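Sequences listed follow chains X and C, in order.
For what it's worth, our numbering labels the leading residue of the first sequence as 1, then goes sequentially.
For what it's worth, our numbering labels the leading residue of the second sequence as 145, then goes sequentially.
Don't read these hints as lab results, they were simulated from the structure.
Accuracy of the hints is not assured; some may be wrong.
Stated by the list, open to error - Listed below are the simulated DSS-like cross-link pairs for lysine-lysine, each with C-alpha atoms no more than 30 Å apart in a straight line:
1. Lys210(C) to Lys31(X)
2. Lys8(X) to Lys212(C)
3. Lys212(C) to Lys31(X)
4. Lys212(C) to Lys227(C)
5. Lys227(C) to Lys8(X)
6. Lys210(C) to Lys227(C)
7. Lys31(X) to Lys8(X)
Unchecked claim - Here are a few chain X residues that face chain C, going by a calculated C-beta distance under 10 Å:
8. Glu7
9. Ala15
10. Gln28
11. Asp32
12. Cys34
13. Ala37
14. Asp58
15. Ser62
16. Ala101
17. Val104
Treat the numbers as computed from the prediction; the structure is a model and nothing was measured.
For glycine and all other residues, C-beta sits at the position ideal for the given N, C-alpha and C.
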Amino acid sequence: MQTLSFEKLARELEAVGAAPSVIARITQELKDHCADAELAALERGLSPDQARRQAREDLGSSAAIVQAVASHPQLLDWRHRWPQSARCVDSLAWYLALPAAPFVYCTSHPAFVVRWGLSSSLAVCITGSILFAMQWLILVSGSL
Amino acid sequence: MAQTNPPFMSGVPELLVLRLLARQEMYGYEIVRAVRLVTGEAITLGEGVIYPVLHGLERSGAVRAKRKAVNGRTRVYYSLTTKGRLRFDRLTNEWDRISGGIHSALGDREHANA
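This is chain X alone, in the form it adopts within the complex:
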């Protein structure tokens, strides 16, 4: 049987949406539990290695613990508890952030914005000059 890894368990709990405070407390209590079980196993005459393995095995699989956490909605973070509210908040945040996006982009990339501004100005000048020249040619040819 595969022994429980606390790091893997924490990752799995995070993946199902357990609240960070719940993850921290559960893993700490499981570690304490494991220490108690290990001590009891040593007292029963098991070797330190056997005692450690036995204690971890008795905790059960991480899948069972994750499933037990997931079955208690009050142990999940608010995004997983109220997914529809989370979607509304996300949409609202995007709605508020979109008008600010160009401003934020300009302040974070000033060199690019200056280059883009100069290029645009140059393009306006060239296009304007060509249009002006064409207009002038039309006027000159019309007067002849």
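Dock chain C against the given chain X, drawing on the hints supplied.
For chain C alone, coordinates are given in the frame of chain X:
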């Protein structure tokens, strides 16, 4: 390895935890050992599963958690609240009703076999 419990045991760990905490405050490891003892090892929990159950009960206000330093180690002790006691009474009644129904059904089967 101890035999694991079937899916219809859902809800039983909660009932047992509330029963044990109704007697005295306990910490997780103590609760797991006590469950084995009082059920004659008929009910064997994956020991780690007890913590989500305890935390769920705590969040719903049925139990209270308190950190205590005992013999140089910090343990989290759980005790029953008034709300927890009411919940325990409700679950006990529910369990009695269900087990009575099942017992009655199995009695009928024995009758049919006879």
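Tested hints:
1. Lys210(C) to Lys31(X): Status holds; Cα separation ~17 Å.
2. Lys8(X) to Lys212(C): Holds, at about 28 Å.
3. Lys212(C) to Lys31(X): At roughly 16 Å apart (the allowed maximum being 30 Å), Lys31(X) and Lys212(C) satisfy the hint.
4. Lys212(C) to Lys227(C): holds, 23 Å
5. Lys227(C) to Lys8(X): violated, 35 Å
6. Lys210(C) to Lys227(C): holds, 17 Å
7. Lys31(X) to Lys8(X): holds, 13 Å
8. Glu7: Violated, because the Cβ-Cβ distance from Glu7(X) to chain C comes to roughly 15 Å (cut-off 10 Å).
9. Ala15: violated, 15 Å
10. Gln28: Nearest chain C Cβ about 9 Å off; hint holds.
11. Asp32: holds, 7 Å
12. Cys34: holds, 9 Å
13. Ala37: Status holds, d = 7 Å.
14. Asp58: holds, 5 Å
15. Ser62: holds, 8 Å
16. Ala101: violated, 39 Å
17. Val104: violated, 39 Å
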